[in-house]
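Engineer: Chains A and B, in that order, are what the protein sequence lines are.
Going by full-length UniProt numbering, the first residue of the first sequence is number 1, and it counts up by one from there.
Going by full-length UniProt numbering, the first residue of the second sequence is number 1, and it counts up by one from there.
In short, the hints are calculated from the structure, not lab data.
Any given hint could turn out to be false.
To be verified - The list that follows gives simulated cross-link-like pairs (lysine-lysine, DSS-like), each with its CA atoms no further than 27 Å apart:
{"#": "1", "chain 1": "B", "residue 1": "Lys263", "chain 2": "B", "residue 2": "Lys286"}
{"#": "2", "chain 1": "B", "residue 1": "Lys286", "chain 2": "B", "residue 2": "Lys424"}
{"#": "3", "chain 1": "A", "residue 1": "Lys784", "chain 2": "B", "residue 2": "Lys406"}
{"#": "4", "chain 1": "A", "residue 1": "Lys660", "chain 2": "B", "residue 2": "Lys450"}
{"#": "5", "chain 1": "B", "residue 1": "Lys389", "chain 2": "B", "residue 2": "Lys363"}
{"#": "6", "chain 1": "B", "residue 1": "Lys162", "chain 2": "B", "residue 2": "Lys29"}
{"#": "7", "chain 1": "A", "residue 1": "Lys666", "chain 2": "B", "residue 2": "Lys401"}
{"#": "8", "chain 1": "B", "residue 1": "Lys595", "chain 2": "B", "residue 2": "Lys178"}
{"#": "9", "chain 1": "B", "residue 1": "Lys86", "chain 2": "A", "residue 2": "Lys581"}
{"#": "10", "chain 1": "B", "residue 1": "Lys178", "chain 2": "A", "residue 2": "Lys673"}
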Amino acid sequence: MDCYTANWNPLGEETFYRKLELYSMEWGLREDLRDCVVAAAPYGGPIALLRNSRRDKTPSARPLLEIYSASGLLLASVPWKSGRLVHLGWTAGEDLLCIQEDGTVLVYNLFCEFKRHFSMGNEVLQNHVLEAQVFHTEFGTGVAILTGALRFSLATNIDDLKLRRLPEVPGLQKPPPCWAVLSQDRVTVVLLAVGQELFLLDNTSCSVVSPPGLSPSAGPFLHMAVSFTHRHLALFCDSGTVWMGTASLKEKFCEFNTGIRSPPKQMVWCTRPRSRQRAVVLAWERQLMVVGNSSECIRFVLDEDSHLVPELDGVRILSRSSHEFLHEIPEASQEIFRIASMAPGALLLEAQKEYEKESQKADEYLREIREQQLLPEAVGQCIEAAGYEHEPETQKSLLRAASFGKCFLDRFPPEGFVRMCQDLRVLNAIRDYQIGIPLTFTQYKQLTIEVLLDRLVLRRLYPLAIRICEFLRLPEIQGVSRILAHWACYKVQQKDKSDEEVAQAINQKLGDTAGISYSDIATRAYDCGRAELAIKLLEYEPRSGEQVPLLLKMKRSKLALGKAIESGDTDLVYTVVLHLKNELNRGSFFMTLQNQPVALSLYRQFCRHQERETLKDLYNQDDNHQELGNLHVQGGYSQQRIEGRVAALQNALDEFYKAKNDFAAKATEEQIKLLRLQRHLQEELDKPYLDLSLHDTVHTLILDGHHKRAEQLYRDFRIPDKRYWWLKINALATRGDWEEMEKFSKSKKSPIGYLPFVEVAVKHHNRYEAKKYAPRVPPEQRVKAFVLVGDLEQAAEAAIERKNEAEMSLVLARCSAATDGAVAEKLNRARAQLLKK
Amino acid sequence: MAAHLSSGRVNLTALREAGRRELREFLDKCAGSKAIVWDEYLTGPFGLIAQYSLLKEHEVEKMFTLKPGRLPPADVKNIIFFVRPKLELMDIITDNVLREDRGRSPQRDFHILFVPRRSLLCEQWLKEQGVLGSFIHREQYSLDLIPFDGDLLSMESESAFKECYLESDQTSLYHAAKGLMTLQALYGTIPQIFGKGDCARHVANMMIRMKREFPGSQNSIFPVFDTLLLLDRNVDLLTPLATQLTYEGLIDEIYGIQNTYVKLPPEKFAPKKQGEGGKDLPTEPKKLQLNSAEELYAEIRDKNFNAVGSVLSKKAKIISAAFEERHHAKTVGEIKQFVSQLPHMQAARSSLANHTSIAELIKDITTSEDFFDNLTVEQEFMSGIDTDKVNNYIEDCIAQKHPLIKILRLVCLQSVCNSGLKQKVLDHYKREILQTYGYEHILTLNNLEKAGLLKAQTGGRNNYPTIRKTLRLWMDDVNEQNPNDISYVYSGYAPLSVRLAQLLARPGWRSIEEVLKMLPGPHFEERQQLPTGLQKKRQQGENRVTLVFFLGGVTYAEIAALRFLSQMEDGGTEYIIATTKLINGTTWIKSLMEKLEPAPF
């Protein structure tokens with residue numbers, strides 16, 4: 001551990017840089033990197049190489065497109081058969097963009113499988129791509145092109161392709177020595193250098209800009225670099241001067257003269273977030289230089305041809321034999337490991353070591369920290385610093401120190417420590433060379449665990465992804481289920497296995513894990529042309545509702561119908577039924593429905609509202625004569641002409657007979673008879689009779705004094721006596737024909753008694769007439785009748801005669817003290833007598 | 001504002017809140033000013049979830065009723081259709097959209113909110129009409145169970161009974177199952193499910209299936225409900241036919257309560273101010289909201305109407321005594337205390353005035369001879385007297401052409417109480433009805449027969465007496481003032497449905513197996529496994545909570561009976577009631593009637 005700071009290189013007073021090896025590369029490159037088109041994705045992403053492209057020594061040999069993991073394992077390779085490639089770049093989703101000379105951009109996944117292509121437009125096609133850059137902004141991944149006509153075209157988001165052609169740069173005669181894409185305030189612009197001038201190209205204009213504070217002697221610009229975050233800009237000038245400042249060109253950080261006048265092969269920013277030092281790394285053929293706000297710089301010798309990959313918090317350096325990471329030492333690590341550091345973290349680390357050696361010095365160190373009350377800070381520092389270490393041993397010793405320090409603290413929140421242990425385990429797992437994702441802690445936090453899981457899924461590292469989910473106890477739906485679903489979608493594409501095998505394998509793994517949609521997987525299988533597999537997979541789908549759309553798409557409508565019915569969702573059933581209706585001929589459509597009563601009754605409902613004629617056919621098929629009859633009745637009522645109604649009713653009549661519903665048939669027969677009669681009456685009496693009920697017809701006839709005709713109907717339609725009598729006296733009373741009523745009352749013995757006469761007369765405010773009938777009311781109703789006509793005296797007498805207490809009370813209640821005193825007294829006496837007994 | 005929803009054992013405010021949240025989220029999706037085009041049927045139920053003010057807060061500026069033709073002009077950015085997924089309505093919407101002036105600027109965006117569920121069928125329909133693309137947002141608003149009161153949920157699906165029993169269309173049952181799933185998501189998995197009837201079986205099956213469809217989504221909410229009882233309306237066709245005799249039931253029978261609101265004749269509510277000798281009586285019906293938020297109403301709603309008068313007069317005395325207090329208030333402190341109570345007292349006084357007026361209105365009707373005669377016949381039937389022959393009163397009513405629905409209620413009641421009528425009797429009634437009210441009612445009669453409300457006794461014997469005796473449906477010694485049995489709600493008849501619920505709680509259905517077999521449809525029990533952590537350890541004396549779901553409708557009297565059981569001291573069970581629709585005999589029969597409008601010749 002004494003030599004821990006051996007690889008620390010100071011830059012200025014405060015900061016140190018170190019270069020550490022991530023992997024030794026065993027990718028067996030024969031060519032030098034400089035002979036290949038190289039693109040490495042940020043965040044420890046994969047490396048794409050196009051070999052044999054730069055120097056066409058043997059034009060017959062096809063170039064080879066290869067993709068390696070960051071640790072140099074070959075993921076896939078494919079011979080390059082398309083046009084001449086100008087540039088390679090990675091999208092944020094780790095798709096490879098291959099930009100061709102003709103402006104076509106081919107998109108591959110990281111297994112060299114072609115996904116799609118798009119074009120950068122006609123202008124680019126005509127003038128060819130001279131240079132291209134792939135850039136990342138908050139809008140996604142973009143592509144910028146410099147065409148042969150020295151014009152810039154760009155698209156800020158390739159997933160939502162909108163091409164922009166930037167305005168012309170005045171006086172531009174040859175390709176600019178350097179240019180870059182900047183993203184400022186959500187606007188994407190191009191900065192280019194022409195000699196000693198800088199031009200800023202936005203959508204509409206081209207303006208000259210100049211970096212503040214640049215030495216007049218700096219000379220023409222040869223190279224420029226934009227930082228990972230688009231916030232900083234570095235410019236390399238002919239005199240060997242490097243200018244560093246903000247990308248907005250409003251502020252200068254520093255200037256440094258490298259003393260090398262040839263332009264560097266690459267220049268990239270190497271700054272960690274929130275650092276005070278801002279540094280740039282420049283690479284020439286044989287040397288690497290880190291320059292920043294310091295009169296000194298750091299130099300490294302490059303043994304091999306190298307390629308720089310800018311990262312959020314450092315630079316990765318790729319070469320044929322190794323893969324290194326150059327970065328600024330984070331503050332926490334500095335505090336702890338700087339030689340002779342007295343920072344609390346450093347002391348705690350020491351204390352823990354001494355403790356392990358069982359030395360009393362441990363106590364001294366600890367005491368020192370505790371006296372300053374810096375123990376929480378010391379623990380925090382150790383935890384934080386552990387995150388920045390790549391060596392598990394160092395991580396462990398720091399965590400042990402933190403854990404040791406924690407013992408002396410009351411209520412120190414454990415989450416930070418636990419989280420760091422978990423994170424480091426995840427990071428160590430993915431940094432393994434077999435996985436080859438050398439994320440730093442800072443990058444990992446920026447990327448988030450969700451994206452990391454996506455990237456593992458992209459690499460088809462399903463088991464590892466699942467283990468990470470389980471380890472971090474992520475909710476199933478976001479974690480394990482999602483990954484299993486991805487795995488299954490990949491599995492169905494494996495054409496070498498039988499449908500049965502694949503389906504079983506998938507079900508075995510997935511079981512009924514929460515949040516798995518078998519129908520999504522089945523859809524994928526169907527899209528790959530494996531309909532049988534899709535059906536097998538659908539069998540595992542517990543949500544029948546989900547099965548239906550795919551089954552329909554696969555033209556398995558009958559199966560879909562079964563599933564829809566199972567789901568209980570009538571809307572789904574309807575959907576399938578209407579689908580079937582279009583798909584099958586009428587005969588087999590009806591047959592299908594016959595076997596599915598639920599579907600049949602729903603379809604009937606549909607027809608009831610939309611296609612009445614079809615409904616008839618359906619009932620006909622079932623020989624359901626009752627319903628057919630009902631339909632005819634209903635149909636009859638929408639007829640405009642009476643003949644139509646009668647004809648419809650005649651049909652209904654026939655159907656009712658067939659249905660052996662004699663009652664309905666007879667009723668309908670009567671109805672037809674009534675309709676005909678009403679028409680006759682209407683013509684003869686010039687009064688609307690049609691559509692009156694039989695009751696109302698007779699009523700109207702009596703009202704109009706056509707007693708004979710009423711009598712006729714009463715007989716023809718065999719109206720029961722009781723009802724006829726009620727009907728007639730009501731009508732007569734309404735007409736005020738008391739004479740006729742009296743005559744009628746005497747025509748024979750009333751089947752309804754005589755109380756109704758009293759009631760009807762009273763209802764029509766004719767007490768005089770009412771009184772005529774009261775005596776004819778039988779004794780048991782007589783009291784009520786007399787009360788109705790208002791003859792309390794008689795009522796009282798009747799009640800007393802009947803010795804009925806309830807009736808006496810009823811009459812009493814009607815007596816008013818002023819007028820009926822005598823009656824009341826009589827009643828009271830009678831009642832008292834009654835009660836005595 | 002919604003305090004009455006949280007007053008009960010189960011806090012239904014949570015359900016209402018969930019509904020409001022969902023509505024707000026949808027409205028915010030359509031940025032900018034909006035106009036809502038309403039499927040008229042939805043306005044009532046929506047009113048129970050969200051008032052206009054909520055809509056207004058989310059930039060709803062105009063409201064229209066859905067009808068064919070061109071949409072009214074409104075200077076808004078969004079037009080949102082709130083509709084049930086019905087094809088008829090889709091046709092109207094299509095018409096609206098096609099007639100929209102494409103030249104107008106700015107153009108209005110269209111959206112559809114399906115209530116309670118998005119429908120592939122409707123979307124397909126719109127697609128075929130070529131207007132589907134006109135809608136930017138097509139969403140669903142799962143308004144299945146709407147909280148009506150602290151213990152009452154309704155789907156307000158008017159035609160649920162008709163669809164299930166006449167048309168074999170079980171859409172409403174699917175919605176019911178979905179609603180129950182929502183309820184379980186909010187209030188925990190219900191461990192026990194009991195049911196009686198085909199529809200109940202279907203709903204339970206769907207629930208179990210839906211639960212299986214989302215494995216792993218293990219509900220971690222402590223269950224609020226212990227038991228779910230699913231009851232088919234056709235298990236008990238009798239109860240809704242009888243005239244309800246509770247206060248609330250009578251208000252509904254006479255004036256009709258819709259979405260907790262009732263419209264009353266205004267005369268009795270005229271402001272009694274001196275010097276204004278009834279100059280201008282209000283002509284608009286008086287609209288009142290009836291729910292347990294009103295203290296007095298909560299107390300009297302479920303009482304037998306005969307017991308309401310005494311409560312009202314007692315209340316009147318208390319209130320006037322309270323107002324008298326002011327004369328005794330001497331110190332400033334006492335006056336202050338009196339004043340602080342004033343708003344509450346004034347509210348109580350106006351509530352009392354309202355209910356006294358309503359009670360008077362009802363009394364006018366219940367003391368009428370016709371009401372009495374009708375009730376007598378009903379009670380005779382229910383107690384099993386002369387159910388097998390043609391009834392004189394019914395005949396007389398037909399002869400005098402009393403309202404058809406009244407006749408149908410009585411005839412159906414007789415049929416149900418006799419397990420079907422003799423063919424001769426049935427045909428006689430039918431013929432009387434057709435001749436008096438018109439032959440077109442043959443279809444209505446056919447519907448009633450299909451629903452089993454009206455039928456011919458076929459061979460079998462009359463089961464009703466056995467059912468009546470075993471379940472003690474008729475109680476001669478009914479106490480209307482201080483009831484000791486649920487039969488008080490019909491002054492003698494104990495609603496069969498509620499009796500089933502009561503017997504399920506104690507001693508269990510095993511004791512009535514025989515009778516259950518006589519009632520239509522299967523009876524069953526299902527258990528839903530709970531994770532061990534959620535299994536209830538019942539405290540001593542803690543009541544069980546049972547959700548009774550009436551598939552096909554429930555009456556206020558049945559609700560009153562269940563509330564009575566909840567309040568029984570040794571009851572041990574509290575009931576929450578859910579239903580597809582709040583019904584009474586009239587609305588129920590009406591929903592089964594075929595409306596034939598003859599074309600004018």
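Engineer: Against each hint, give a clear statement of whether it holds in the structure.
Structural biologist: Cross-check of the supplied hints:
1. B:Lys263 to B:Lys286: Holds - the C-alpha atoms of Lys286 (chain B) and Lys263 (chain B) are around 5 Å apart, at most 27 Å.
2. B:Lys286 to B:Lys424: violated, 47 Å
3. A:Lys784 to B:Lys406: Holds. Lys784 (chain A) to Lys406 (chain B) sits at ~25 Å (cutoff 27 Å).
4. A:Lys660 to B:Lys450: Holds, because 16 Å separates the two Cα atoms, which is no more than 27 Å.
5. B:Lys389 to B:Lys363: Between Lys389 (chain B) and Lys363 (chain B) the Cα gap is close to 32 Å, so the pair fails against 27 Å, i.e. violated.
6. B:Lys162 to B:Lys29: violated, 36 Å
7. A:Lys666 to B:Lys401: holds, 22 Å
8. B:Lys595 to B:Lys178: violated, 31 Å
9. B:Lys86 to A:Lys581: Measuring from Cα to Cα gives roughly 19 Å; hence the hint holds.
10. B:Lys178 to A:Lys673: The hint is violated at about 51 Å.
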